[in-house]
Structures are given as structure tokens and as C-alpha cells.
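Engineer: Residue strings, one per chain:
There are 2 protein chains.
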Amino acid sequence: MLNEKLNKYSLILGSESPRRKHFLEALKLDFKTIRIDAEEVYPKYLHGNEITNYLAELKSEAYPAELADQELLITADTIVRCNGQILGKPTDLDEAKSMLRFMSGHIHEVITSVCLRTNEKMKVFSDTTDVHFKELTDEEINYYVETYSPLDKAGAYGIQEWIGYIGVLKIEGSFFTVMGFPVHKFYKEMMEF
Amino acid sequence: MLNEKLNKYSLILGSESPRRKHFLEALKLDFKTIRIDAEEVYPKYLHGNEITNYLAELKSEAYPAELADQELLITADTIVRCNGQILGKPTDLDEAKSMLRFMSGHIHEVITSVCLRTNEKMKVFSDTTDVHFKELTDEEINYYVETYSPLDKAGAYGIQEWIGYIGVLKIEGSFFTVMGFPVHKFYKEMMEF
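The listed protein sequences correspond, in order, to chains A and B. Residue numbers are given in my numbering: position 157 of the first sequence equals residue 157, and the series is strictly consecutive. Residue numbers are given in my numbering: position 15 of the second sequence equals residue 15, and the series is strictly consecutive.
Note that these hints are calculated values from the structure, not bench results. Predicted model, so just to flag it, every value in this text is computed and none were measured. From the three backbone atoms N, C-alpha and C, an ideal C-beta is built for every residue, glycine too. It is possible that some hints are incorrect.
So the derived label-pair ranges between C-beta atoms look like this [said to hold, decoys possible]:
hint: 1; chain 1: B; residue 1: K28; chain 2: A; residue 2: I107; range: 26 to 34 Å
hint: 2; chain 1: B; residue 1: E4; chain 2: A; residue 2: S149; range: 19 to 27 Å
hint: 3; chain 1: B; residue 1: E50; chain 2: A; residue 2: N119; range: 55 to 63 Å
hint: 4; chain 1: A; residue 1: K44; chain 2: B; residue 2: E172; range: 29 to 37 Å
hint: 5; chain 1: A; residue 1: K32; chain 2: B; residue 2: P43; range: 52 to 60 Å
hint: 6; chain 1: B; residue 1: K134; chain 2: A; residue 2: H106; range: 28 to 36 Å
hint: 7; chain 1: A; residue 1: V41; chain 2: B; residue 2: Q70; range: 52 to 60 Å
hint: 8; chain 1: B; residue 1: E4; chain 2: A; residue 2: A65; range: 50 to 58 Å
hint: 9; chain 1: A; residue 1: K121; chain 2: B; residue 2: Y143; range: 22 to 30 Å
hint: 10; chain 1: B; residue 1: G105; chain 2: A; residue 2: I107; range: 48 to 56 Å
Please put together the full structure from these sequences, using the hints given.
Structural biologist: Okay, here's the thing in C-alpha cells:
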């Protein structure tokens, strides 16, 4: 199993996302969590998973120390792309509502990249899932935004929350990628790392 | 919102599945839970969602009393179809392992039906999701079956558990239908009931 395979590493999760912590815990991994401050700015010529790959690596490089011999740093980034526009985390509740209105009745992509890095090697990989939202009413959008915590989430929603229950007609891809961590690919990459 | 719309009903969930209870709670619904004993046998000429529609209705009709005027009974059934075979709940851990070996590396369908019934009307609806499993190793299958509780789950796995994290490459449809409750369709049907 993965936890035996990774015994030799001391794992560091460079993300304070409770969803990402949950996935590492579910894989029975021991790890510590640190906050990494990186300004999430990327060159304009990047598209799709080039953006999340860039930002996952940027966060990895913003780790505030040299990695020790046995340390393995995990960072990740998630964005939403809808009708050609890239949506990150909303800055306030009004922006959260307008993001949800923008995605209502449409398909959007959720793209998540993960960067694995030791002081010897680095691997970046990504995964994309299509999400089909129903037509959301203003009442539904307002209720969700005012009752839940959309501000720490790319695209202003959590698929594992109320709006994901009532609003998502179908997805194509991994549900966990939408939650911010493509855990099936993480498992595979870690087994081969 | 749905809880206001359904104020007039006294909801009864005819299922002891903790996943189904969770979805009704997440929709902020008040309900009571009862166990319904129905032998899950269906005519051989039924296929796909005809089977789950039949069994969801069978469970509804096995409710051990007349429904009172304001009562609304919710029952559901889930099956897995893989390579033309129907998989229900495994009877023991050996059957759970052989079901998972059977699905390993293949696509299967998870079909869930829900029956809504009052003493005046009844509605049955279903939803289907395709699930793509990676090639699971015997070590992975044995670890999952011996560590988790596959016996109360159609197809011997929970997608929200370890094996869903490491083993599911992608799905097409609703994640919640795979968990045993197509909550997006339930919400829509209840709003119109």
C-alpha cells in the first residue's frame, strides 16, 4: 500500500485546503501541513492545465526553505474554465454570486494540477473534469453563497456541498479533481515516484 | 427552498442507508427513517433501470402500514451492471472480492431508482452513471474488502471510500447516484411533486 511505499519520505502538504488534507488522511499517509504564500499570477499566454501546472510549481518553489533529503513537498492548484474564461477564487460574495450565475446552465471544466518535489526530482501532473450545472435560480445561488463558504474555492462552489447536490446534473471525469485533488493520479504517481 | 416547499409533508425514508440519510439531511429536510423488509427479487425479463424501478416500488409497497394523509414515503434501490451481469450486494467477503475482480479494468453502470409515494400519487425515477475502474491489484482488493464494509453496498464498494479514491479513473454521470441517491433528480422531482 502507499503508506508502506512512502515510508522513506517525510511528506509535507503545502496547502491548507481541508479537502486536500482529507485525501492524504484517507490514504493513511503521515504528513505535516504548511501554509505557502505565493501570489497566484501566471503569464497570459498560458492556457488550461498549463496555468495550473505553472501555479502548482510556483507554490512548490515558494516553499520557504531548502527541502531536506527525505522531504517530499506536495502542492496543488485548481481553476475553473467556463465559456473561455478562467475563474479562480472569488474575492467577495458578490463575485461568488456572479461566478455561479455565469456557470448556471453551462458546462465548465475544473482543472487541478499537483506538483511533487524532493531535492532530487520534481513531477507535475494534472487532471480535468467537465461539470454540467443545471439552470440555477437566483434564490438557489443566494442561499448557497450566504449559507456556505464559497470564498476559498475556485469557481465559488464545492461540489460536495448543497449546491453540488442540487445543481450538478452530471460530471465527466473524477469527482475528486473537482474537489481540488485528483487522488487517483496522485496515488499512481506516488507509487511510481 | 425544498424544506419550505415540503412543509406540508411528513417525510419517511424507507432505507437505513447512511448515505441516503446524509443526502436528506444535507437538503435540510426533517424526516424519520424506517427499515423496510422486502425480498429483493425481480422478474427475469426486466433490464437495467426497469429492475431498480421495480425494486424501489416493491420496497414502497412493502411499507407495513397505510400512509396517512400527509405522509410521503421515499424508497430507493441501487444495482451495478458490468459486462451484462447485474451485481447487487455481496453475501460475504469472498463474493465482494470476486465482484471487484470482475469490475477491475472495466466500465460498469450504477443504476439507482427512487420511488416517492403518498396515499394519492406515486412517482418513480432513475439515474445511471458509468464508472471506469483501473486495473485493481489483488493486494488493493483484499485491503479494501478487509478494511472497509463492502457488504451493504451494491457492487461491493463505496465510491466515497478508499477504493473510490485510488481505483476510479473517471465517471460519467452523477457521483451521488453511485453513492445510492440521485440527489439532483430527487430535488427536481420533489419541487414538482
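Engineer: Does each hint hold? Answer for all of them.
Structural biologist: For each hint, the structure was consulted:
Range check, B:K28 to A:I107: about 28 Å between beta-carbon atoms, so the 26 to 34 Å window is met. Evaluation of the 19 to 27 Å hint for B:E4 and A:S149 yields a pass: the beta carbon distance comes to about 23 Å. Taking 55 to 63 Å as the suggested C-beta distance range, the pair B:E50 and A:N119 conforms, at roughly 59 Å. Range check, A:K44 to B:E172: Cβ separation about 33 Å, and the 29 to 37 Å hint holds.
Under the hint 52 to 60 Å, the C-beta atoms of A:K32 and B:P43, about 57 Å apart, fit the expected range. Evaluation of the 28 to 36 Å hint for B:K134 and A:H106 yields a pass: the beta carbon distance comes to about 30 Å. At about 57 Å, the CB distance of A:V41 to B:Q70 agrees with the hint of 52 to 60 Å. Range check, B:E4 to A:A65: about 53 Å between beta-carbon atoms, so the 50 to 58 Å window is met.
For the pair A:K121 and B:Y143, the supplied restraint of 22 to 30 Å holds, since their beta-carbon distance comes to about 28 Å. Checked against the hint of 48 to 56 Å, the pair B:G105 and A:I107 fails, with Cβ atoms roughly 28 Å apart.
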